[in-house]
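*Asks:* If you want the building blocks of each chain, they are given just below.
Protein chains: 2
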Amino acid sequence: MIFHQFFEKESSTYTYLLACEDTREAVLIDPVVSEIEHYAQLLAVKNLTLAYSLDTHVHADHVTAANQLREKFGCKTVLHRNSGVACGDIFITDKSAIRIGDILVEARYTPGHTNACTSYVVEGMVFTGDALLIDGCGRTDFQEGNAATLYDSIHQQIFSLPDETIVYPGHDYNGGLSSTVGQERLHNARLGNGRSKQEFIDIMQKLNLPYPKKIDIALPANKACGK
Amino acid sequence: MIFHQFFEKESSTYTYLLACEDTREAVLIDPVVSEIEHYAQLLAVKNLTLAYSLDTHVHADHVTAANQLREKFGCKTVLHRNSGVACGDIFITDKSAIRIGDILVEARYTPGHTNACTSYVVEGMVFTGDALLIDGCGRTDFQEGNAATLYDSIHQQIFSLPDETIVYPGHDYNGGLSSTVGQERLHNARLGNGRSKQEFIDIMQKLNLPYPKKIDIALPANKACGK
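Chains E and A are the protein sequences, given in the same order. With the working numbering, letter number 48 in the first sequence gets 48, and the count goes up by one each step, no holes. With the working numbering, letter number 198 in the second sequence gets 198, and the count goes up by one each step, no holes.
None of these hints come from the bench; they were simulated from the model. Take the hints with a grain of salt, since some may be wrong.
Same chains, same names: a pair is fine if it fits in one copy or spans any two.
[What the hints assert, rightly or not] Derived pair list, reagent style DSS-like, types lysine-lysine, alpha-carbon separation capped at 30 Å: (1) Lys72 / Lys46; (2) Lys227 / Lys95; (3) Lys197 / Lys9; (4) Lys206 / Lys95.
Could you put together the complete structure from these sequences and hints?
*Replies:* Structure, rendered in structure tokens:
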């Protein structure tokens, strides 16, 4: 499998490219509109065809490249059915999957940060978007966020994966690139060490986070696939 | 919306083409491999691009055109996740949806005839495959069929649609082209007139149907997308 992790500095967003070595079909997970030239370059250098762009959720902190990638490469825009983004092409639900060559990209519905969050499981890796982050998790105080729901999503859909599964998050603000399910299950500051749901809810309620800087630009743009 | 109903005589199969008048994108539901030239002709005449081929289930009575359509038109092959057909491109689950232009094709999981049956709801129409037929239903005595499951699927996922919804079945053996939800809910010989689940199970158990003629050819072929 061809794998590449991209980083967008302003919003500390990770974007992932996965591709089949045989068929040269590729997907991008959480592409950022400002970074399109980087994606185009890698696709060209590696001789890949972009078949799908996947968003793990409707982002509040950066604008998706979905629409521009569709216009440029003819790929399909994939989102969860609950996203309320009418311009998507394929609206997945829990356990839906997309195949590129011999790679299966499996959706697991992981709401809580938003009501349309999806993690993608691919051959020993899980792309968690803003559900589970390294030593943290997505905030739950806007976009229909709910701490109890996020706790259940992470426990049932992510911590149920084998401990050695590599966790690739949607963001990291401290230079971390990846983690593992075992590491987060045991040591995540908010969820690790067998923390109860009530303890988690209390932690999330006391975070007192500032109003997200780009939400008023990012949300309307992402509801239109980044147009 | 552009709509066309095709008929394949040998297996009495209905295939449906739906397309957006603006974007000219099209889907085919349950295409049959012997009929590809008819589909190609209509696509060309109407200046349409085939974006997806959808199968309501893994058919036992005819071979899908999915793979040949993919090779000819570059469309994506869509099936339910439970189908066990590894060569599909997009594996949907209940409430997944696919958009072509301004048309939303919504999946409703309707198992019972097989464990991977899906009906598709599109603007006042429902394409029921072999779950609900005109004045009948799909058999439940092979391919993980189950009469109780089929009863629940039809009641919860199809009879819950508005009465005026047009029912387009996967087959008809008597020249019927379509029905309505109201007609079938009230008058279907096996399910109408408030028949109980136990009555339905008894009817299905007593059908005593012959071994399906083409199942030994069709099933392995369809597990390989009709290759």
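*Asks:* Decide, hint by hint, whether the structure agrees.
*Replies:* Evaluated hints:
1. Lys72 / Lys46: Both. Shortest intra-copy (17 Å) and inter-copy (25 Å) distances satisfy the 30 Å Cα cut-off.
2. Lys227 / Lys95: both (28 Å within a copy, 26 Å between copies)
3. Lys197 / Lys9: neither (33 Å within a copy, 59 Å between copies)
4. Lys206 / Lys95: neither (33 Å within a copy, 36 Å between copies)
Hints 3 and 4 from the earlier list are contradicted by this structure; the remaining hints agree with it.
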